[in-house]
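Trainee: Chain by chain, the residues:
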Amino acid sequence: MQRTGLFIERAGFLQRLNPLTKVTGALLLIGATFLLPAPLTGAALLGGALLPLALASLVARRFLDILLKTLLPVLISLALVQGLFFPTADPMTIPVGPLLFRRAGLQFALDTGSRLLVVAGAPLLLFQTTHPGMLVQALIQSGMPRSIGYILLVALQLIPAISERAVGVAEAQRARGLETEGNVVQRIRGVLPLVSPLIVGALVEAEERAMAIEARAFNAPGPKTWVRDIPDPPAERLARIVMLAALGAIVAGRVVMVFD
Amino acid sequence: MTTSTTSQRGELSSTALALIPIAIAINVALGHLVQSVLKLPIYLDSIGTVLVGVLLGPLAGAITGLLANVIWGLTLAPSALPFAAVAAVIGLIAGYARQYGAIRSWWKMALAGVITGVVAAAVSAPIATYVFGGVTGAGTDVLVAMFQNLGASVLGASFMQGAVSDPLDKTITYLIVWAIISALPKRLLARFGIAAQ
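Protein chains in written order, with numbering that gives the first Met the number 0: chain A, 0 to 259; chain B, 0 to 196.
Calculated from the structure, these hints are not laboratory results. There may be inaccurate statements among the hints.
[As the list claims (entries may be wrong)] If you anchor each label on the Cβ, the simulated ranges turn out as follows:
#1 A/Arg175 / B/Pro184: 20 to 26 angstroms
#2 B/Tyr129 / A/Val241: 27 to 33 angstroms
#3 A/Lys68 / B/Leu167: 35 to 41 angstroms
#4 B/Pro184 / A/Pro51: 55 to 61 angstroms
#5 A/Pro51 / B/Ser181: 54 to 60 angstroms
#6 A/Gly132 / B/Leu154: 15 to 21 angstroms
#7 A/Gly200 / B/Arg103: 37 to 43 angstroms
#8 A/Leu98 / B/Tyr129: 23 to 29 angstroms
#9 A/Ala211 / B/Ser104: 32 to 38 angstroms
#10 A/Ala251 / B/Met145: 27 to 33 angstroms
#11 B/Met145 / A/Val257: 42 to 48 angstroms
#12 B/Ala121 / A/Met210: 36 to 42 angstroms
#13 A/Ala174 / B/Tyr129: 42 to 48 angstroms
[Unchecked claim] Some chain B residues well away from chain A (every beta-carbon gap over 10 angstroms; in silico):
#14 Leu29
#15 Pro57
#16 Ala67
#17 Ala109
#18 Leu110
#19 Val117
#20 Phe131
#21 Gly133
#22 Met159
#23 Ile175
[Claimed, not checked] Listed next, the stretches of chain A that the computed footprint assigns to chain B, with coverage defined by at least 3 CB atoms under 8 angstroms from CB atoms of chain B:
#24 86 to 97
#25 163 to 173
#26 185 to 194
Note that beta-carbon positions come from the ideal geometry of N, C-alpha and C, so glycine has one too.
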């Protein structure tokens, strides 16, 4: 099986759901964190929704691992930059060793950080529990253009291959004496010899791929059939309607608050 | 000049369908390579987007940028996802640069790069501010801290950081794309509707 990104093959709770239900759920969580008061909403959604779901889907360890690995630098930077330099009229400061943190800045960092964890966590969990092929098929069957689905799937498959080729080109050019160390000017001059073989090769490949697409009548009109069937029980349809209604209610609530 | 982006029914042509996924993979692979192997203070993560925009026009360019960030955000770096709108705008401008004939000379491409950079900075500042609180965990955060310390708001500091980094990054990107396209065989260029010079 080819590397398909984040997907982990387990028989947990979320893996059994229809991809559309999970997409709707992720949208609801993201909408809620931005529209309801931070940091409480973020903490509640992370602890009350994302973590239990990750546990029930048997991916909790990998979920936390990737979430923290990707967000930790942002969170640290957020606390330092905004804690120390946040523009505020509030004179309250909190001394930590030799540093004076601004209270309003730390509050801002906490609010943003709690939101960020949900905004990154919801799609992460979606992709850890959904095979990309199933997701794209479900999206196409509910109205996404087929060409967009094709592009998404092929790009997902190509990224590991092209990354490998990029490293190969870098090594080959270094063997021919290309400087990849040294000062900035030297390194900038190294960009073109790395990039051009990659792109020229890609353009040639694109031409071959275009002919293959034409030969298989991808753009032919008329209905298409599917090899796999994705189950969509009535309970899940109902759940999607409820989640969309909840999202609508949150948006409406915020609009009313603004005009009140 | 006719664009070969769409067929008669408004669907993406087979050439666009073939090139866009490869361009997306190039964005991601090169963005990573440049930052980890060459360790340059620029991103170079939109070469594929600009290439498609210049070869196939605004629609294909915008789709490339948008989907590249969606894929990058969902697989490797969640922080790329909210900037998908910026990437789409970059592809759109690259497409218009093609229509203005920017590909014919290197200085027009450089100019298109500067314009793209300024627009990208303007579009990304609100996203950086409201989603990330002004920082992204990269080296450019130092600039944000500096501008805030000089009295700028979070939004203002985010825009100034972008206005410093983006035009340089996009100018280099456009010049790389220009250098590559100029070196391509005429037969290949004809497939993308670009007449030989």
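Trainee: For B/Leu110, is the shortest beta carbon distance to chain A beyond 10 angstroms?
Mentor: Correct as stated: the minimum Cβ-Cβ distance to chain A is 20 angstroms, above 10 angstroms.
Trainee: Check the non-interface label on B/Val117: least C-beta distance to chain A beyond 10 angstroms or not.
Mentor: 21 angstroms, holds
Trainee: Range first: 36 to 42 angstroms. Now tell me if the beta carbons of B/Ala121 and A/Met210 are that far apart.
Mentor: Given about 41 angstroms between the Cβ atoms, the range holds.
Trainee: Please verify the coverage claim for the segment 86 to 97 of chain A: does it have three or more residues whose C-beta sits within 8 angstroms of some C-beta in chain B?
Mentor: Since three or more residues must qualify, the claim that chain B covers the segment 86 to 97 of chain A is violated, with 1 doing so at under 8 angstroms.
Trainee: Does 20 to 26 angstroms hold as the CB distance between A/Arg175 and B/Pro184, or does it fail?
Mentor: Since the Cβ atoms of A/Arg175 and B/Pro184 sit about 23 angstroms apart, the hinted range of 20 to 26 angstroms holds.
Trainee: Taking 10 angstroms as the cut and beta carbons as the points, is B/Phe131 off the interface with chain A?
Mentor: 7 angstroms, violated
Trainee: Determine whether the Cβ-Cβ distance between A/Gly200 and B/Arg103 falls within the hinted range of 37 to 43 angstroms.
Mentor: At roughly 25 angstroms between Cβ atoms, B/Arg103 and A/Gly200 fall outside 37 to 43 angstroms, so the hint is violated.
Trainee: Quick check on a hinted range of 15 to 21 angstroms for A/Gly132 and B/Leu154, using CB atoms only.
Mentor: For A/Gly132 and B/Leu154 the Cβ distance comes to about 40 angstroms; the hint is violated.
Trainee: Between B/Tyr129 and A/Val241, does the C-beta distance stay in 27 to 33 angstroms?
Mentor: Given a distance of about 28 angstroms, which is inside 27 to 33 angstroms, the answer is holds.
Trainee: Okay, the segment 163 to 173 of chain A and chain B, do three or more residues pass the C-beta test at under 8 angstroms?
Mentor: holds (count 4)
Trainee: Do the beta carbons of A/Lys68 and B/Leu167 sit within 35 to 41 angstroms of each other?
Mentor: At roughly 29 angstroms between Cβ atoms, B/Leu167 and A/Lys68 fall outside 35 to 41 angstroms, so the hint is violated.
Trainee: Since B/Met159 was said not to touch the interface, does its Cβ keep a gap of more than 10 angstroms from each Cβ of chain A?
Mentor: Given a closest Cβ separation of 13 angstroms, the condition holds.
Checked against the numbered hints listed earlier, the structure breaks hints 3, 6, 7, 10, 11, 14, 16, 20, 21, 23 and 24; every other hint is satisfied.
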